[in-house]
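The task is simple: from the sequences and hints, build the whole structure.
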Amino acid sequence: MKHRAKIAFLAGLLTALGAGWAGFPLAIYRSRPQPVDFSHKIHADKAGSKCDDCHAFRADGSFAGIPTLDKCAGCHAAAMGTTVAEKTFIDNYVTPQREPQWAVYARQPENVSFLHSTHVTRGKLKCEACHAAQGSADMPRVYQEDRISGYSRDIWRGKRMTDCVDCHQRQGLEHSCLDCHK
Amino acid sequence: MKSTRRDLFLFAGGSAAGALLTPAPWRLITDTALWSENWPGVPAPPRGEIRTRFTNCSLCRAGCGVRARCVGDQPVQLTGVASHPLSRGVLCPFGLTAHHLPYHPARLKQGPHERALAAVSAAIGSGDRVAVLDLQPGRTASWTYRRAMAALKNGVYLTNGPSVAYDLHQAKTVLSFGVPVLDGWGTPGNVIAARENFRLIQAEPVESRTATLADVWLPVQPGDEDATALAMAGELGADGSALVLDHRGPAAAMALNQRLGALGRTVVARPEAPVPVEWRSAAPATALAQVEDRSIRVLLIDESAVDGYVPWYQIERKLVLDNPVVVTFTASHGGYARHAQYALPTAVYPEISEDIPTAIDSVAATFRLSTALIAPPAGIVNPAEWIATLAGLAEGDTIRERADGIHDSGRGAIYTPADGKTVAVKDLTAEAFWKSLGEAGCWIDEPRHARAPETTTAVSEPHAHDSDVDLPLVAWLAGPSSPPLLSPLMTKLYQESNLRLAPNRVALHPSDARAARLADGVHAFFQTRLGRCGVDVTIDPGLPAGVVQLGTAPGILDVYRPGIRAKVVPA
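Going down the list, the protein sequences come from chains A and B.
If you read the first sequence in this note's numbering, its first letter stands for residue 1, the second for the next number, and so on.
If you read the second sequence in this note's numbering, its first letter stands for residue 1, the second for the next number, and so on.
By construction, these hints were calculated from the structure, which means they are not laboratory data.
Please note that the accuracy of each hint is not assured.
Said to hold, decoys possible - Okay, the calculated bits of chain B under chain A, using three or more residues with CB under 8 Å as the criterion: (1) 28-38; (2) 65-77.
Stated by the list, open to error - Partial chain B-side listing against chain A, Cβ under 10 Å, derived: (3) Phe11; (4) Leu20; (5) Arg51.
Just so we're clear, the structure is a prediction, and the values are computed from it rather than from any experiment.
Note that beta-carbon positions come from the ideal geometry of N, C-alpha and C, so glycine has one too.
Spelled out as structure tokens, the structure:
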């Protein structure tokens, strides 16, 4: 009788652990692929592109973010290689002049204002400091969106408020609420 | 083996314990909190191109230059413009969060347009006196009111704005009687720039933020200002390098400023940008106090731009007793809408498109536009257009007409924030000048056009009164006054934390609170011989005993005047 109670309790415990660690992440995130199989690696290796060739700062210092179709079409008005990904991109987006709806891994909540210009130009921060190896990836990762909050799973990987605060503290920089929450 | 209810409970207990060891419950709590940020009704800017636009803040007449970071057409961040010649990159906390105001839950969005128009038209038709009360004179809208009142039989244009301007850069000593010089008075960036050149003596009973930053704090009791001023006059010198500011208004310090040689030097008549010649036949500005009591049948109040609050008792005694018609143009329910028969909704900054009058700390006339960053909702009234239509004035772009008038004068220069350049007006075509104004340009006149103000004397009322014997406290405004609508972020930072006295609060010394049997945070009544209003109580040991410090809610201002005696009683 005593063992039977332990077994029932452990069965519940193990079921919850399995569901919480293995099942919950599958259930909470909705996955969707990026519109184009874009390879940062090919652009960096073969075309010799640097990050700010496409992710540029405007003349007024603001960050342009993901380049628009015009920028891509500057090189890919016609196919430059033989990959299926490039052909699909040209057929589906360049030719019909349709902007790809990229899912942004690092998109922050609406109440956060993050200035790339301050961190890159003044703080001399490398892109990899926040975006890890995304700039050398051969394929875009599958975008995972939280079903409840609607935010990307990636913002929990080094892009939380505590990560910002930790970095500022390590660098001995001042920070206050209104720096980001304006 | 048959499962029992006990097994089921043990399984559930194990599941609950196991769940706590997984990320699931903690993640659900976090996600739910994040989800609540995006509830329906919470404005979320649409995805779009991030770009910079410029405007000028119209929350007060400081009119600071604003750089707006926009996603698509939606402003998401407001900051100052570092190269701006007046505001010098500074924005006050109200200005930093002003892009939240259009979404304020207490905002007035609907009003009885037709009924108000019918009531006003009927009253005007009977030939009775009609008046416009302009709470921020000097705007192009103000001139429309003046022209409208000139076109109407028995029309009167009333103001309550400052009649003078001050030059802090020329002052070596500033003696301030309760004016929050370093806490929202004037143009913050300009005050900060001038601060290192003058000695500030702050005379007030409460050690305010300005008092803590002043060179000298004189703890003066309310009512002792004039005696203190006389005692200090000899020490300040009469070479025009000293300047006196008084919370009771410019007239209260006029005699002393005259004696100190400040008039025409650091105290000048309020400068105003030129207007077209044909406007100069408009009705003159009349101070509300100069109008005889019980003479106004129709009163139109422009609350869309405010520069101080006129207590209702001062307005009410000017109205006829028999069925007066009061219409207020406002964005909130909190001001004169409590007393008016008709409250018509207006646009709020940054929806508003209008010019901003010269700031109180600028001795050179200025002209700048607050260009709308977002469109106002449907059903909004433009007070100037409404009153112009009422008076039958010809339709036209009055702001453009005034801009052309400034250009025709050939005076001054215009600064444009996008390129940070300043160009003399005489080097620009009228079209280029108008274009620069539309890009948040700031026209500044030559200071040589400044002139000395007319000398006036304050009408003082006795502080003591027979009925004051049971009023043990002296009332003191916490200042500066806040805009009618506050961003929710401001509410968090300044009101819930009590860093700034909330508009509907009063603060008392602990001994006064004990005597009145009041605890911290309770609801109470603030009472003077002008009336009483409901307030919340803060107990502050930093206050001197015998003083009640007041928030600046209209309800409190309606029963307040400088130096008045008061009491706070439990509700």
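Each hint tested on the structure:
no., hint, result
1, 28-38, "holds (count 8)"
2, 65-77, "holds (count 3)"
3, Phe11, "4 Å, holds"
4, Leu20, "8 Å, holds"
5, Arg51, "7 Å, holds"
In summary, the structure agrees with every hint in the numbered list given earlier.
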